[in-house]
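Colleague: Sequence:
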Amino acid sequence: MGAYVPAGSRNKNRLYRTIGISTILITTLYCLLNGTSILSGQSTSLNSNKISRGTSFDFSPYINENDNSENYKFVRINENLNPNNKPYEKKVKATFVTLARNSDLHGLLEPIKAIEDRFNKNFHYDWVFLNDVEFDEDFKRITSSLISGNTKYGVIPKEHWSVPSWIDEEKATNARKKMEEDGVIYGGSLPYRHMCRFESGFFYRHPLLDEYEYYWRIEPDVKFHCDINYDIFQFMKDNNKKYGFTISIHEYEATIKTLWNTTLEFIDKNPEFLAKDNMLDFISDDDGTSYNNCHFWSNFEIASLDLWRGEAYSKYFDYLDKKGGFFYERWGDAPVHSIAAALFLNRDEIHHFYDVGYYHGPFHACPVDDQIRFENRCACSPNQDFTWQGFSCTTKYYNVNRLQKPHGWQKYAN
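Under this note's numbering, the residue at position 140 of the sequence shown is numbered 266, and the numbers go up by one with no gaps.
Source of the hints: derived by calculation from the structure; they are not laboratory data.
Relax, there's no trap hidden among the hints.
Straight-line Cα separation of at most 27 angstroms, DSSO-like style, residue types lysine-lysine; simulated pairs:
no. : residue 1 : residue 2
1   : Lys383    : Lys395
2   : Lys266    : Lys247
3   : Lys239    : Lys349
4   : Lys522    : Lys537
5   : Lys349    : Lys278
6   : Lys449    : Lys303
7   : Lys266    : Lys349
8   : Lys297    : Lys448
9   : Lys239    : Lys217
10  : Lys266    : Lys217
11  : Lys304    : Lys448
12  : Lys363    : Lys247
13  : Lys383    : Lys522
Ranges between beta-carbon positions, derived for each pair:
no. : residue 1 : residue 2 : range
14  : Thr415    : Ser271    : 52 to 62 angstroms
15  : Phe500    : Glu236    : 15 to 25 angstroms
16  : Arg227    : Ile311    : 13 to 23 angstroms
17  : Lys522    : Asn387    : 20 to 30 angstroms
18  : Gly414    : Lys448    : 17 to 27 angstroms
19  : Ile268    : Leu406    : 39 to 49 angstroms
20  : Glu501    : Lys537    : 17 to 27 angstroms
21  : Ala401    : Lys522    : 11 to 21 angstroms
As the structure is a computational prediction, the values presented were derived from the model and not from experiment.
For glycine and all other residues, C-beta sits at the position ideal for the given N, C-alpha and C.
Use the sequences and the hints to build the structure in full.
Modeller: As structure tokens, this is what we get:
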């Protein structure tokens, strides 16, 4: 049905149409002379500096084994990955994953908005939310209104969020009491242990993840400081990267007293799972005799789901789970994932996203390279960056892999 127009307005409408047609003709002539699209307002000139969506980037540092200087080359576009600079025909099967409660809603609004504004508005990847109870309608309605991809909401099976039958509950309760008395962070928390066990061995088994190849873990109350102007999932796939991180750190030894010896037992029984070019030298300073507690902080994690679905990790997790360390100690998903990635992957399958500005209290990852920071509109100070600090393990990661560090990194190290 057409809009109702009062009779007295018709002459004015004719005048407005005349003015509008004249404006369009003038604008079109201007665009033709200046090489601009009338629809998008963007330059159509062949000399445009705009980078099209779908362009592949190689964000690996330039490696020169004979160069011991701190020179650093940032390779903008790897033409070998996408020689014709064409948009990708098919988006990677990937999703964001968030473990949350209904009460986490307002802590998620800022991270979701940041990810959408700085990355996902260009790619529209899905988002999977998991909870040990049903999400309420407010959570679903508000989160789905912010996300450009599909949103999915799942309930965790009870057996994935409970104490398994083989655990001595009295022993586990006493262990929690002792750790709480000793002041170990989350030492007395049973829900925290459920979370660590779920993230270690079950999130990727949820049916809502079945259709995906890659995931990006997002938690409440985190921040993203910089624009991400390339498809991170496509980067992972094109470069055969299986695990990506921003922050690495040392674990609290009191929480994982027997984790390494349990790992050695598993490897002794299953030596075939060790990758040929594994990264043992990142997680051990003495060729595997002991664990140096270095791990990737898994609150930010971009990885291949096939890494966890594979035989090596599946058997490793089951072995750890039967030993009971998630309950008798406080084994975290971060050291469990990190040890597995370091041992079961080749070192070139692990990637540090040094261009992604990120915050999870109390640590920031802020690119120290001025060019990266300015081009990606980073809203952070490199003086806050944790990457090169003493308690971080990222310097070791660069050293064992013989990767050159960003220019001027020493300025922010201590």
